[in-house]
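Number of protein chains: 2
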Amino acid sequence: MSIAMPAPNQDVIARGPQIVAALQAVLPADAVIHDPQETRAYECDALTAYRCPPLAVVLPRTTAQVAAIMRLCNDMGVPVVPRGAGTSLAGGALPTADCVILGTMRLRDVLEIDTDNRFIRVQSGITNLAVSAELESHGFFYAPDPSSQLACTIAGNIAMNSGGAHCLKYGVTTNNLMGATVVLSTGEIVEMGGPEAGPDGLDMLGLFCGSEGQLGVVTEAILRILPRPEGARPVLIGFGDAEVAGECVANIIRSGVIPVAIEYMDEPCLRAVESFAKAGYPTCNAVLIVEVEGSADEIADQIARIREIADALNPVEFRESRNADEAAKIWKGRKSAFGAMGKLGDYICLDGTVPVGQLPYTLRRIGELSREHGLEVANVFHAGDGNMHPLILFNANQPGDLARAEAFGNDILRLCVEVGGCLTGEHGVGIEKRDLMSTQYAPDDLAIQMEIKDLFDPQWLLNAAKVFPLQASAAHRGRAAE
Amino acid sequence: MSIAMPAPNQDVIARGPQIVAALQAVLPADAVIHDPQETRAYECDALTAYRCPPLAVVLPRTTAQVAAIMRLCNDMGVPVVPRGAGTSLAGGALPTADCVILGTMRLRDVLEIDTDNRFIRVQSGITNLAVSAELESHGFFYAPDPSSQLACTIAGNIAMNSGGAHCLKYGVTTNNLMGATVVLSTGEIVEMGGPEAGPDGLDMLGLFCGSEGQLGVVTEAILRILPRPEGARPVLIGFGDAEVAGECVANIIRSGVIPVAIEYMDEPCLRAVESFAKAGYPTCNAVLIVEVEGSADEIADQIARIREIADALNPVEFRESRNADEAAKIWKGRKSAFGAMGKLGDYICLDGTVPVGQLPYTLRRIGELSREHGLEVANVFHAGDGNMHPLILFNANQPGDLARAEAFGNDILRLCVEVGGCLTGEHGVGIEKRDLMSTQYAPDDLAIQMEIKDLFDPQWLLNAAKVFPLQASAAHRGRAAE
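Line by line, the protein sequences are chains A and B. Residues in the first sequence are numbered consecutively from 743, following my numbering. Residues in the second sequence are numbered consecutively from 743, following my numbering.
Derived by calculation from the structure, the hints in this document are not laboratory data. Quantities reported herein were computed from a predicted structural model and do not represent experimental measurements. Be aware that a few hints might be false.
[What the hints assert, rightly or not] Straight line, CA to CA, 20 angstroms or less: simulated DMTMM-like cross-link-like pairs of lysine to aspartate or glutamate:
no. : chain 1 : residue 1 : chain 2 : residue 2
1   : B       : K911      : A       : E972
2   : A       : K1085     : A       : D1143
3   : B       : K911      : B       : E1040
4   : A       : K911      : B       : D858
5   : A       : K911      : B       : E972
Sequences and hints are given; from them, build the entire structure.
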């Protein structure tokens, strides 16, 4: 445990029973959980190295119930940590001992599907995959597709501005979010955006998207939907040299072809995947999976252009898929990569982003850092938009190993910022990268962001130990209180 | 003159000479204009019915000079109206008698072109067309293309979140803006975003894009650039029925084809265009121009699908262009439409946006409103994204006619909001639609936007008579002062 959490407010903890009673007075009986046996299920998210049981958990079903909770917690000075499905890899939904977890998973209704105007309106706790499942019979889909899409919620996707493999072509959540119903810290309910793309006034919706539960809670969302393409096809390209694979990615992007996905796996990842999933990948130092979609002609045309670009770089193999089986086989290794790495030992999964042209240099430097820190790293990531997911392997049972892995991770993230990138592509800042925010932002830039936080959440009750460096936010709040 | 402007601050006007002297002390001699003969050139923008000479005009060349101006005006309590090229159709750059106009047109350097990472970094006063001209030899272009692109600046495009015909495929300014250098009201210089797509922290860049000079002044911008497509080709489709043309637009969008542009001209517009430009359009009630781009195969494939959709609706004509001459002929009428309407008399050009599925109903209702108000209206607009530009014809020399045209315009904009759209697609709110913002936003929603304004501009010195309804903002500031 090398990331510090602030000391909980003991006064709030002492008032725990009154707070629970007050919540029970405004919510249905099954919507308030306070038995420590049951709140334990909410003690961590997918950054499982950090755990803390909350004071209570509330599971509202309506926007009005969320408003009642927010009003009550605001009046009683109780911290609130909003939670989607708890799949955050950055500790975005980690509780504090003095907080109420506001879970969105019972807000799961589909409210409206309008294919003419191409949107779906949902309650925010619906899972990402359920949205596309609802749309399937209409011939439409929702583009952002995080790896956790079976479990993760639209509420969490909006909070983290989530991406996924298909974001290269279709953009991340902020590019596909048309409107939202938001409950502010006071309990006030506000509508932002709408089915139209260019609303007038300030872009409040964009501000909320990616704000990691710092400004309010999204209870309903209007999402842009897209007609399903006629078809899609992956190709696999193997390279003897990892940097040349990075060059191939940069050349594809530069050429103007826009695949839906360009996924990258390096040699340590390929080794793990082969022994686990036996996907039959070529023996080489880097594999790219490039998927294109469209009509049969469009697919053939795009693959021809990609082949021309790849051939100029002497790949070990260029494998096309001629049918659904072959396509599934190409994807099989990539889809099992995280599971395969898990078999090798414990890992932390990073989420830095770099300009595509900097991929070759960044990969080389990560290799050097791996040797310096004496820890293995595997790279498997969305290369087309420079969103890297280095997996650092360590042994959780070895004292000090997690701290070493985190130090290595911090070096990689600093490297991402140095080459003109940033600390996160789709996982958010959470607690994981909170204190690195000072690497990315000058004190004045952070101060402005914190002033916006002041405006929406004057008591700093909403997910306050996340995103902003603890020291900077304590100093800021101290000055504001003067 | 039916839109009210607030009374200027007489104290500031009285201190005019000191303010000018203070500006001259921090700027080069040619950067401060105060002779009434010369400031007259800045008394209006493209909403020429409204005029007011400013106290002074400053024309800085660097971010540091902008910071000095902002610091000085903040200290002396002087209102500042930022101005791009003054092409706003909504009065976004209209001066007040107590203001300093901060013109960006001398901030016009290209600072960096990076085709590998697909961005260009420019000073904000460069014109929109100059950006694409700079990129031409590299084989790239900048997508947003407002009709005024020969004159309008990137600074103005960012302030208004401008669009253009090509925005159907490539999005508006906010989708193509990667970073900005911003000077705040205090003179503080802040960097927002960067060459990477998903920066961590709050989305300050999105908040600034479209904020119409309410929050600060953008002095440099990092813009996403795209490789030029291999080719582009328009088709012209004529319909006997205006509503069926609207249906055709909705069907094309629904099918998943994404043309770069779908432009719509109705019968009054076609009549004006024919007598002015003699473009040889078919005699009918509505013409669509649909442009697609890509490789030769992609173009042929898309046109075939569009023909299939159009044929099902019995068009009067479906005209393909086989070469550059024929393509230019198809575009000729559309490009001369505003000029042609100008020959018919005075007009105001509106800018409401509606969901594409609501186009047929909205067009019918606009026809009914035209008869009720006894004023002719012509419709020529970007139909693919529902961004309408109804032109209301009136006689500026007839007393009361402008007020009648404005009343008709307000009815059309209310209609846009009613059907689920909004007050502006790309022109901004300015003074034109300022008081209609209450139609679109509930008081609480407006209050939150004004609190953000308070945060960045506590004295409300930046372009304060625009965007927010005068009454609502006066009440808000009154309460805040209590």
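Taking the hints in turn, this is what the structure says about them:
1. B:K911 with A:E972: holds, 19 angstroms
2. A:K1085 with A:D1143: Within the cut-off at roughly 18 angstroms; holds.
3. B:K911 with B:E1040: Holds: B:K911 and B:E1040 sit about 15 angstroms apart, inside 20 angstroms.
4. A:K911 with B:D858: OK: A:K911 and B:D858 at ~18 angstroms, within 20 angstroms.
5. A:K911 with B:E972: holds, 19 angstroms
Checked against the numbered hints listed earlier, the structure breaks none of them; every hint is satisfied.
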